[in-house]
Amino acid sequence: MQGTTYSNVDETIYTEVLDNGLKVCLMPREGLSKTYGIFTTAFGATDMTFVPLGQSEKTTVPLGVAHFLEHKLFDKGDHDAFADFSKLGSSANAYTNSTQTAYLFSATEKVKENVELLLDFVQDPYFSDETVEKEKGIITQEAQMYADNPDQRLYMSTLEAMFQDHPVRYEVLGTLESINNITKEDLYTCYHTFYHPSNMTLAISGQMDVDEMMELIRSNQAQKQFAPSESIQRFVPEEASDVFQQEKTVTMPVSTPKCMVGIKEYSASIEPVELQKRSLLTSMLLDFLFGSSGPFYKKLYDAGLIDYSFGVETLCELDYGYSLLSGNTEDPEGFAATIKSLLLSTNEFKLDEVSFERMKKRKIGRLLRGMNSIENVAENYTWYENRGLDYFELIPAIEALTLEDANAFLNNWITEERLTVVTMQPEK
Amino acid sequence: MTRTVEQTVEHDSLKAHLIPSKTFKTIMIEFKFKTLLDRNTITKRALLPFVLKKGSKNYPEDTRIQEKLDDLYGASLNIGGQKSGDYHVVTVNMEIANDKFIGQASSIVSEALAFLKDVAFNPNVTDGSFDQTVVNQVKNTLRKHYQSIKDDKMSYANLRLIDEMCEGETYQVHSHGYEEDLDAIDGKNLYSYFKSMIDNDIIDLFVVGDFDVNDMSQLIKNELDSFRPTQPAPFEQGCVKRSAPSEPREVIETDDIQQAKLHIGYRTHTTFNDSDFPAMLVCHVMIGAHPGSKLFVNVREKHSLAYYVASQLDILSDKLFVFSGIAPTDYEKARDIIALQVAAMKDGAFTKAELEESKSMIISQYRSAMDQAGGLIDLEYQQVLGHTERTIEDLMAQVKAVTSEDVIKSANKLEEDTIYLLTSKEAN
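Residue numbers (this note's numbering), protein chains in the order written: chain A, 1 to 428; chain B, 1 to 428.
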């Protein structure tokens, strides 16, 4: 077990890679009564084509398998792991996104039992034709809930317009049709390949005795047998750098039109250090320009093109990145045209030293606030770790950014071919 | 854990709740302005947070406010309003980095308090009026919000259920206000209401973080305690408990949707300061507030009717709500299964284990909430809103002591009041 102290944020993190390949990270914090555990596999909705463990030919599974598997891992046929956590007085949850599936609990007592339950239920699948069939009704209702949500529809339509081939363009849940086609064999194939300990990370944060905790995890894992680990071969279609469609209109029964401008940041693999820099600069610049006190926000607001619903988000991964600007607007054309021209104007924009220092302080303040949450710390640590980065080194990384870095990035950030505009009009 | 001790200090103009804790990397400062919900003033109260965010006397634009926040090492500022039982509470919240993480020799707390006072009590006013342009923009924002309420089907169904169930009750007043009020509101009458709010609301101030209580109390006296001569006398208005109609009301409406929303309101004849409140809380958790609950196990897991199904207890009011998203064709079936679960609770058809796990879960959630600054504030403020001396420790002890008989008694106080269904046009 290796301990690393980050004096700038007053944290010590203990890590170990077990014999079976499982990566364990312990993040003790004094003065709390809560312990949070999150068990993550680097398997998400976009991992559709791969070579299954122990085989030599690649296979493609239906859309939505990662999420379906997440639901079914709780079901043990005669009991439900979700309810087992309730019996311990703790709460559990799980989620699936494009790149990972995570299982988590939050507890204030019986912490060891909770950790063992988390490891044991995730590492002991029970998939039957009957339980798989039964879940289809529940997941269909989950999908229908999103189908009625205009913001979710707009978001998915934008990803579809931006990406031509990359599976990030599909809903994590899959389609009603693909959900209905999923079989227990699909679940087992994915499970054996992606839930191997060498593809997983266990992070525990909050109240704990570090030595006891690590020993508990070691001995739990030592009792279980796994196939030898193999590095997983995944296949993702090559994706053009330009957007698939520059414009698109969809309709839904909404009261006000909505518009989303998407920036396809990149669609080829980048190095971790580049990912960190891009991710920091993109979020800092978007916040500075389009945040509620930013110069671009002000132009849009004063022109009556945006309202309280306006929002900006960005996601940078190792093989793709995108940013989204969206909101309700009475004038989608004006909204889109103004945002596009503001974005294009960044080719000539010059940040000054004072503004840049403020941006850095704002980002550091936000990170520190986020570190109050042990849930957030465990999740982010895992996310960065799985991408070869260190969450607790972000503050020094921000401090090291220079005005020249920022201006060079900003002036090369936007090209028109990487912008897409999706409008949602009310149904007549 | 080291229990943080709250100290309340009566200042002339407000009551300060000081909660020192070394756990957090930040200091949180929060004002709560409380008054009774009132149909005549609610729209003004809904507008004010937006106006205050747009600028104060010394920081007359939102850009100036943001710059100051950035200069305060990336501090955050949030202003909003919400309904709490029969009250409306406007919250002004600020979070600043703890000095030790920002390499700052002198404290930034007093600077932050002075800034917060300016934002909360010293708005940008000329000749007894807010800036009319700002007010018009903010009115427009709210108008757009009203128009888009229906786009979020789940919140819309909640709102409609309360509209129907709470006719003539204070609780029915919409915390976001009413579109028909907007035309009559201008910079002058809005400012005049602001002054009356500052004079007449009961104001509580919470500070959570690593600080010295005496120093903080002195700082509050110096920086904040001069905006009015005295705190108004506390007013008490318990929620007026009502009975359900002899036959539950059934309200069915239609929309262009894939998923129907079945939302049901019950009368509890119980509020936070009642001695049997802990039993009602346990009863609610057993009905529908965790994955081992009656609703989750039966409606979701056993019958696969819903992805979301849960109960929600409004602890300051006499109401319990059940929410679910179902296929439109499953309405009668889902309604009957929900009714059976409530009936089972009345009959005592639950195990000792179900009771004990729900109690553990409640206590665990309280302890977890106390690990967060915002959670600590909410729990302490519940005591203020509920007019009770019962501390959170007392409440946890009382929850532990709840027996099966107590739960059955509480379940038998539940009366189904209103069934609201938002369903597809085809299904109806």
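Since the hints were derived computationally from the structure, they do not count as laboratory data.
Among the hints, erroneous ones may be present.
[Unchecked claim] Dumping the calculated PhoX-like pairs for lysine-lysine here, alpha-carbon to alpha-carbon at most 20 Å:
(1) B/Lys400 - A/Lys136
(2) B/Lys400 - A/Lys87
(3) A/Lys350 - A/Lys361
(4) B/Lys153 - A/Lys428
Against the structure, the hints:
Pair hint B/Lys400 plus A/Lys136 does not hold up; C-alpha atoms about 38 Å apart against a cutoff of 20 Å. Straight-line distance between C-alpha atoms of B/Lys400 and A/Lys87 comes to about 15 Å, which keeps the hinted pair within the 20 Å bound. Only pairs whose Cα atoms come within 20 Å are accepted, and A/Lys350 paired with A/Lys361 is accepted, the gap being roughly 19 Å. As the CA atoms of B/Lys153 and A/Lys428 are separated by approximately 19 Å, the hinted pair is consistent with the 20 Å bound.
The structure fails hint 1 only (numbered hints given earlier).
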